[in-house]
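Spelled out, the chains give:
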Amino acid sequence: MPKTLFDKIWNAHVVTPEAAAHPATLYIDLHLIHEVTSPQAFTVLRERDLKVRRPDRTLATIDHSTPTLKDEDGAPLYVNDQAKTQVATLLSNAAEQGIETHGWDSDHRGVVHVMGPELGATQPGMTIVCGDSHTSTHGAFGAIAFGIGTTQVGHVLATQCLLMRKPKTMAIELTGELVDGVTPKDVILAIIAKIGVGGGTGYALEYRGAVFEQMSMAGRMTVCNMSIEAGARCGLIAPDETTFEYLRGRPHAPEDYDAAVAEWRNLTTDAGAIFDKVVTIDAAKIRPMATYGTHPGMAAPIDAVIPNSDNEADAKALDYMQVKAGQTMANQTVDRVFVGSCTNGRLEDMRAAASVLSGRQVAKTVRMIVVPGSEQVKAQAEAEGLDAIIIAAGAEWREPGCSMCIAMNGDKAAPGELVVSTSNRNFAGRQGPGARTVLASPETAAASAVAGVVTSVAGLST
Amino acid sequence: MSNQPLTTLASRTVVLPAENIDTDQIIPARFLTVTSKDGLGKHAFNDWRYAEDGSETEHLLNQDAAKASQILVGGHNFGCGSSREHAPWALTDYGFRVVISSEIADIFRSNAVKNGLLPIVIEKGAHNWLLDHPGADVTVDLKKREVRLPGNGGTYRFDVDDFSAHCLMEGVDELGYLDGQAGAIETFEKAQAK
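Chains A and B are the protein sequences, given in the same order. For the first sequence, the numbering used here gives the first residue as 3, with consecutive numbering after it. For the second sequence, the numbering used here gives the first residue as 188, with consecutive numbering after it.
Quick caveat, the hints were computed from the structure, so don't treat them as lab data. Fair warning: this is a prediction, and the values are worked out from it, not measured in the lab. Just so you know, even glycine gets a beta-carbon here, dropped at the ideal spot from N, CA and C. Watch out, some of these pointers could steer you wrong.
What the hints assert, rightly or not - Only pairs whose alpha carbons sit at most 20 angstroms apart, straight line, appear in this in silico SDA-like list of lysine to any residue:
no.	chain 1	residue 1	chain 2	residue 2
1	A	K53	A	T91
2	B	K224	A	V46
3	B	K381	A	E265
4	A	K318	B	D319
5	A	K168	B	A352
6	A	K196	A	V181
7	B	K331	B	F350
8	B	K381	A	H15
9	A	K168	A	A14
10	A	K318	A	P435
11	A	K170	B	D346
12	A	K10	B	E376
13	A	K287	A	G461
Said to hold, decoys possible - Sample of chain A residues with no beta-carbon within 10 angstroms of chain B, all distances over it, derived:
no.	residue
14	D134
15	A264
16	I393
17	G461
Go ahead and model the full structure; you've got the sequences and the hints to work with.
Set out below in structure tokens:
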């Protein structure tokens with residue numbers, strides 16, 4: 003029987019099949035950990051006198067609570083002692099269990115979903131988990147990758163397995179071609195706007211069509227990253243030459259690379275395989291997008307009018323955002339701009355922002371910070387001189403980390419401020435109590451910083 | 188380390204009707220720098236319950252009736268957003284044992300079960316009734332998979348898989364079960380290494 007890519011990978015990792023009485027026991031190839039969702043799991047291990055079963059299949063970094071500013075001596079400026087303790091706890095837990103860790107002294111430290119692929123630890127056909135919902139990012143390599151809670155982090159540390167029931171499958175078919183100026187971020191925002199924030203609940207998504215085949219790995223990661231914003235725990239794209247070229251030569255890439263690639267070529271959905279659901283979207287109709295409400299499904303083309311809704315929650319969201327149905331997001335006044343995160347913190351995103359900022363100035367009324375996704379992104383961007391362009395335009399160039407995406411390290415907006423952000427969630431208060439978040443691409447974020455109002459690049463006067 | 192067993196409970200409900208209540212509302216990220224699970228209840232729905240100066244707002248959740256409740260009824264698509272288990276930790280520490288909605292996000296649902304918090308997805312009609320009757324005395328019977336509404340509200344069945352129900356009713360956690368599969372896991376690893 004023809005199989006979907008998801009089914010192939012799932013089936014290859016079943017230790018004990020699911021039954022009415024119990025879920026499947028699923029083997030996990032790669033477990034990524036960070037400081038926020040792991041300390042309580044290590045505590046459980048200690049209480050039960052358990053060891054990490056496969057430290058060689060576990061990778062640790064620090065990203066969420068880490069500051070993006072350092073003092074004169076190069077010491078990180080923590081938001082409080084609790085954050086500092088949390089980072090220290092991760093480092094000591096990982097050291098105690100013999101886990102490869104990318105802490106302050108590593109030139110690979112970074113946002114966990116930027117770091118894994120950079121190291122080549124993320125590979126096609128794998129099952130990958132992390133105590134972070136944006137683990138779906140790694141699906142860009144043709145892996146089943148999903149976020150888990152802390153109790154499950156403990157399960158994987160102790161047993162390298164998880165108990166799970168198999169989700170249904172949904173194909174997201176993009177037909178036709180994108181028009182100029184439309185980015186991967188616009189594509190995923192358009193998909194979420196179409197299927198809704200709960201539309202993917204209970205499903206694994208597979209993104210299909212020439213648009214994804216032509217996308218860079220960075221673009222594919224941006225798309226898969228936000229699968230969870232449609233409610234889907236994972237989203238994946240079949241691996242191809244782009245994937246194989248990306249991984250070649252990376253520190254964790256398989257030794258016999260050609261043999262690995264030969265296996266990976268089988269990782270496609272068979273012709274005639276049946277998905278539980280198929281959603282088709284016309285790529286040519288997608289335009290540069292921005293969110294106008296307080297969840298990522300409330301997204302529309304920047305120039306489109308904000309739709310009217312009789313739904314109470316939607317009305318409340320518009321009130322919170324201080325916008326009205328019938329207006330557009332275009333020309334809304336911007337206070338802050340954030341470029342970074344596991345969604346858009348890669349080298350391509352830094353290049354995109356820098357290319358818009360080059361020869362232009364950030365508006366005096368706007369404060370813009372650019373936060374590279376990892377030490378690698380930072381070093382490469384600096385080698386290309388992108389930091390100089392960004393700083394010359396009047397934006398700040400920071401140390402790598404999650405920063406204003408989750409706003410738990412002290413990087414945040416003030417109440418009422420409007421932030422154009424390349425991150426993944428525009429929930430009320432996400433970027434600081436009362437802060438208003440508009441999700442968009444790095445190109446749109448940079449253009450909006452220059453204009454001082456929300457605009458696409460096309461809307462910038464030269 | 189095991190959770191308190193849950194079989195049947197009767198409680199007044201607390202109703203938060205907003206749709207898409209995300210985990211950033213349940214527990215804002217700035218409270219995630221903790222390294223233990225304890226004491227998060229005071230920050231459950233922090234930004235709804237406290238003003239900027241830290242004083243309590245008039246919010247429902249600051250009233251004694253809510254603090255005594257064990258059943259939270261949320262709007263459609265409850266618990267969407269991040270994977271933070273701090274969300275169910277905050278809710279259980281506040282005092283809730285059951286969350287009812289017409290849709291509950293996957294990761295939140297999985298996290299809830301592991302912390303003795305029963306997530307119930309109920310049909311629209313019953314959900315609407317619950318939204319329209321805040322503070323109703325509702326009985327949840329996990330063994331029978333039933334939610335019993337007072338008066339003429341009726342009785343509604345809900346689905347929960349046998350394994351989760353077993354864990355919740357017995358108060359056991361899954362790690363013991365997984366650990367019991369060490370042999371099968373080893374066999375799998377050997378086969379995969381070939």
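Restraint check for K53 of chain A with T91 of chain A, where alpha carbons must lie at most 20 angstroms apart: Roughly 17 angstroms between the alpha carbons, so the hint for K53 of chain A and T91 of chain A holds.
Hinted pair K168 of chain A and A14 of chain A, Cα distance within 20 angstroms: holds, 13 angstroms
Pair hint K168 of chain A and A352 of chain B, alpha-carbon separation not exceeding 20 angstroms: Distance ~18 angstroms between K168 of chain A and A352 of chain B Cα, so the pair holds.
Non-interface claim for G461 of chain A versus chain B (Cβ beyond 10 angstroms): Since the minimum Cβ distance to chain B is about 30 angstroms, G461 of chain A lies beyond 10 angstroms and the statement holds.
A264 of chain A remote from chain B - nearest C-beta pair above 10 angstroms: The assertion about A264 of chain A holds, with a minimum of 16 angstroms to chain B.
Pair hint outcome, K196 of chain A versus V181 of chain A [Cα-Cα no greater than 20 angstroms]: holds, 18 angstroms
Chain B versus I393 of chain A - minimum CB to CB distance exceeding 10 angstroms, so not interface: holds, 28 angstroms
Pairwise hint evaluation, F350 of chain B against K331 of chain B, where the allowed Cα distance is 20 angstroms at most: holds, 15 angstroms
Hinted pair K10 of chain A and E376 of chain B, Cα distance within 20 angstroms: holds, 18 angstroms
Agreement of K287 of chain A and G461 of chain A with the hint, judged by alpha carbon distance not exceeding 20 angstroms: Holds - the C-alpha atoms of G461 of chain A and K287 of chain A are around 18 angstroms apart, at most 20 angstroms.
20 angstroms limit on alpha-carbon distance, applied to hinted pair K318 of chain A and P435 of chain A: Between K318 of chain A and P435 of chain A the Cα gap is close to 16 angstroms, so the pair holds against 20 angstroms.
20 angstroms Cα cutoff - pair K224 of chain B, V46 of chain A: Holds, at roughly 11 angstroms.
Of the numbered hints stated above, the single one contradicted by the structure is hint 14.
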